[in-house]
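First to last, the protein sequences are chains A and B. In terms of the working numbering, the first sequence opens at residue 1 and continues consecutively. In terms of the working numbering, the second sequence opens at residue 1 and continues consecutively.
Simulated pairs of lysine to aspartate or glutamate, EDC-like, Cα-Cα distance not exceeding 16 Å:
#	chain 1	residue 1	chain 2	residue 2
1	B	41	B	178
2	A	75	B	24
3	B	139	A	36
4	A	143	A	130
5	B	66	B	109
6	A	37	B	137
7	A	66	B	24
These aren't lab readings, by the way, just hints derived from the structure by calculation.
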Amino acid sequence: MVRLAALAIGVLLSSATRAEGVLLPEGRFAPLFGLDKGQRSFAVAAFRLDRRLVTEAAFAAFLRSKPEWSSASVKPALADERYLSQEGGAAYAQAPQTRVSWFAAQAYCEWRGGRLPTTLEWEYAAAADEKVRDASTDAAFVKRILTWYGKPFRREDLLGSGSLANVYGVEQLHGLVWEWTLDFNGTFMTSDNRQDGDRVNALTCGNGATGSARREDYAAFMRYALRSSLSARSTLANLGFRCAYPATEERSP
Amino acid sequence: MTSLVLAALLYATPAPQANVFTLETHWRAEDGSDRAFSTLKGRPFVLAFIYTSCPGTCPLTTAKLKRLDAALKAQKTPLPMVVVSLDPEHDTPQAVHHYRERYALEHAEHWSVFVGAEAALRTLTQLLDFKYAQNPESKQIMHDNTVYLISRGGEVLTALSSLDDSSAPLLEQAAQSEGKQR
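With the rest of the complex left out, here is chain B:
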């Protein structure tokens, strides 16, 4: 058995670059419509995972996203900001509405909040190797805090894996990526 675990590690070859469109996933958009994740194709975007009732790091994640958003605008490479809910059960349309109010995002039309079924959420997070676990009783969710810059084709261009990570690599990559397009 020990050898089996080691074997699993030894044979693990570097995975191909993560791409969020490798498998299609479907989500509830804020207007209640069904939205395929692939409709995001064609433009780079910033992607993060939160849940609206999160008492721990999520406010920090959202604050970081807002800073990123402002910095992207400041360097003249504004990008769509995509927030995916880690708690489909509790992130009702109303909860998402309150989330926008709480963070003064009511008029931020380039922000989208996606809520999906568990299978969609597991699939998307596995594509990114993003880890989360919900305590079934307290409903608290332990999760990674990675913020991603995704290319127009779905590839991960930059992943800021810790809230303490500098945003500079993401901003530089966004500038480069948007520069290429022009």
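The following block holds chain A by itself, in its conformation from the complex:
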């Protein structure tokens, strides 16, 4: 009976979180990196994005369904030694799930019928503030984000609310954790890739900032730098994720 009730709650929760997916309309966006000479922006197709970060409670449901992703069973190639090593218990049930690898985050999103958002999609969503779609050149907006980046991280910060709903209705894009993207290492900028003969040196010392689209958006620059420092099995205490879905996705009944 208890199990049945738990199951019912689980079903309710999962349909509730599914309904939280927010539609982001198509638009154009100039990411900090990736534009070729002569390109000013990219078209972004409409997509749906989780309103909030994936919580520890939601991830626990995934682990019950897919125990191969538990810290005890996960293959070492798919997650580093600190995978799911955070402690905090029930108090953190609604806190964002961190200490999760790209492989696990993507597996979770596929389990939910989605995928991780691309970097372009994530930056498109995260450029919006409460009033406008693209605040990435708004000095006050960028400063707000940078102020957060400058604060040392403490685990209890995960109990905070993060940024409020932006103009699309998406929350927590800033102020809580960094987030995985589907193509986090697809930007061809690494801290130093001089040894990789064929790679493009987008970020050799100061090159990255000068070659970028908007010199003033240092916050975005830091996100690209963080992403490029990760490998797909990395986990961090303040790196979480949310999922994206096709714009046309049918709601589950």
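Given chain A's structure and the hints, the job is docking chain B onto it.
Chain B only, in chain A's frame:
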């Protein structure tokens, strides 16, 4: 934040050996059938990533693969050649057919071209730490040029990371690996 990036680098321990079968991926084979990547298990194979409309380095990659193929045959260790598309959207069955024609591979039955969904492609390339990025407007793809020799169990035996790299290490490893089997 700077300290955070440094922390990420400091804590990065050497990853376990890359293995392409750690997670299963599914692909469209050239006959249109669904093909699990794990069906390649049991024999070493050469693996490379290309896209058929690629104007830049892909012709060079394919030319390099053909040279490797010939050299492997010459040293009597012929191996399957597996080419994975970086552009699922445009690499239709017809595009793949033209690719074979262009490189005189119509009768090369030990060559396979796999085309998958983006999730499969991202997963396989992450397993190998192979990087690629598509410009969403020009559709051009910037990508690594690594050519891999994969063991019968899926491990990377040799990775030629640059087109300029000598093929000798891969050929030697293939000889060793096929020698062990006999």
